[in-house]
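S.K.: Start counting the sequence shown at 26; every next residue gets the next number (my numbering).
Read the hints as simulated data drawn from the structure, not as lab findings.
In this text, a Cβ means the ideal position worked out from N, Cα and C, and glycines have one as well.
Watch out, some of these pointers could steer you wrong.
Said to hold, decoys possible - In the DSS-like style, the derived pairs of lysine-lysine whose C-alpha atoms are separated by at most 25 Å in a straight line are:
#1 Lys78 <-> Lys57
#2 Lys57 <-> Lys80
#3 Lys31 <-> Lys57
#4 Lys56 <-> Lys80
Unchecked claim - Listed next, with one range per pair, are the computed distances between beta-carbon atoms:
#5 Lys31 <-> Pro77: 29 to 37 Å
#6 Lys76 <-> Asp38: 41 to 49 Å
#7 Ala79 <-> Thr41: 42 to 50 Å
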Amino acid sequence: MGVKMKYEPSEFDNFTALVDRVLAVPHAVIKKRVEEHREQAASNPNRPGPKPKAKVKSSASGRVAKN
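Please work from the sequences and hints to get the whole structure.
M.R.: As structure tokens, then:
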């Protein structure tokens, strides 16, 4: 008359599973998501703090284009 104990994963098991899931995502996908989030955050007019500087577009000749 053995009593079956329910297996509960330890904190280490949970952490290991989470790390495995995070590392399974390709780096390109993570970079894409981060860039999308930055663009979305930058477009918020009510965002506190310093605003990001506008990127300067350069022409094919290498000179900075004036807008």
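S.K.: Any hints this thing doesn't respect? Which numbers, in order?
M.R.: 3 and 5
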